[in-house]
Amino acid sequence: MLSTCAEYSLSSAGKAADEIEAAIRELDAVQRRLSDDDMGVISAVAALFQGFAELCRWVDASLRGEANSERHLTAARAKAALAGEHLGRPIPQGKFRAAAQQVIQGISQVRAFDSVKGVAKLLLCMPAPPMLVAAEDPYAFSPAVESADATPPHTAGEKHKEPLVAKVMLEIDRQPWSTPQVIRANQIYGLSAKIAIPRWPDETDLFTIEYVTTLPKEHYRITEFRIERSSLGPSREVETSGHIEFPVGQSLLSDPVIIQLLASFRSSTDPKLVKPAAVIGYHKLRVRISDPTRTPLLSKYPALDERLVEVIDEISRTTPGVNQEHLADFVALLGGTAKYMGICLQQAVYKEGQEISEGHFQKDLLKHLRSQLGSEVQEAPKQGGGPTDIQYRSVTAELKVERNVRDRAKMVDRFLDQPTQYSSANGAQLGILCILDLTPKERPPANPKNNILLKTPKVHGFAEGTPPYPTKIAAVIIEGNLRLPSSYSK
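The numbering of the sequence shown is my numbering, which starts it at 1 and goes up by one.
To be clear, the hints were calculated from the coordinates, so they are not data collected in a lab.
Cβ atoms here follow ideal geometry from the backbone N, Cα and C, with glycine treated the same way.
Watch out, some of these pointers could steer you wrong.
[Stated by the list, open to error] Across the chosen pairs, the derived CB separations fall in these ranges:
1. Leu2 with Pro444: 27 to 37 angstroms
2. Asn186 with Ser3: 44 to 54 angstroms
3. Arg25 with Lys117: 38 to 48 angstroms
With the hints as extra help, turn the sequences into a complete structure.
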């Protein structure tokens, strides 16, 4: 289904519909073997792809001049509505739900043929959560093939050949585990697990989850889950909880910690009996451990912290030679700026109708950053031939107010060269561009993670390629000119 979406075109719409419908028939067969928790997900996926298939039928019928081709468009919208109904079931995978809602909206807004390709792209970006399918025993007795001369492929005494599998879904402080997950050093977090076990070996009565990592044992404390067979209900699922803690923080330049889950079935009466099990779902955890006493990485806004970690990881991967102290300065200033961004959105600091100048905006942000980082936050030092707005140690932050351009890419590109020159003049590879968006808000603001961008600006002498030591500018866009939520009601 994904390859069909990736290769979709107007000329191949009829073929695409046939391929999607054939795949959905296979999906229906799988659906009957899923657990109740997975039924809502797979039903929503099937309905969304059926909706896309109907859009393809609409395009194909219209191109061939068929009468009443609009019936397929109506059917597509009905399938989208059905998917929305399936999403009403308890579905723990928040990222899947959000992406599926975007597909539903995309299908419902299709008015022209070109929009169908946009729906295909949304389907390609939809993260399908892992599902546990109860496999059939290929050696099971079948009356249809019974005969006097039939020889069973294995005797009753042979061990079952089916592999042992368990699905593990994890939450930390009641939120799905992120990749990577940001955790503060010296802080205890709640860790909960939902475990599905389709088959339990007869000779065992315990299921355990342990952890393998390169960290010394004293540098992490994670509850090792231990499930008794008697606690497994008819649904073959069980929920359990524990805690996770990391006493020592990480260096900014170090990679996230990797923790591998190791699952096995055991016997309480025979310690030597251990049967390893494969884990699907959360089988490998990535963790970044922040120590706020040394590096104020966290903005204390969870959604923004996830994005900040992504930015830091990308810099570590793509910016060779960056100085660790310079990176620490950058993270501190970026974290403080992101925190102000969260405050402005939560409290609607810059409301609709206010007249805000760059000077006013600079004073507000400067006051906030000094409350976070102290006296080393400086105002408008001379650098690179002109004044800058804010500097913290080795990092420059350029501030702008935008009243006309709404498109994020165009907005950032318009101002990108100035902080690049300021950073280069100081020999710095990292800088920050902070823009207050005062454009009219016809729609509600986007998730704030979308407003933190990392750019590699073009520089003189290096055309399209990046130089050996590139400059990275983090663009933070703060929403202003905010309307009252009730004003969006229709």
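- Message: Does the beta carbon distance between Arg25 and Lys117 stay inside 38 to 48 angstroms, or does it fall outside?
- Response: The hint (38 to 48 angstroms, Cβ to Cβ) is violated, given that Arg25 and Lys117 are roughly 24 angstroms apart.
- Query: How does the Cβ-Cβ distance of Asn186 and Ser3 compare with 44 to 54 angstroms: does it lie in that range?
  - Reply: holds, 48 angstroms
- Has the hinted range 27 to 37 angstroms been met by the Cβ atoms of Leu2 and Pro444? For Leu2 and Pro444 the Cβ distance comes to about 31 angstroms; the hint holds.
Checked against the numbered hints above, the structure breaks only hint 3 and satisfies the rest.
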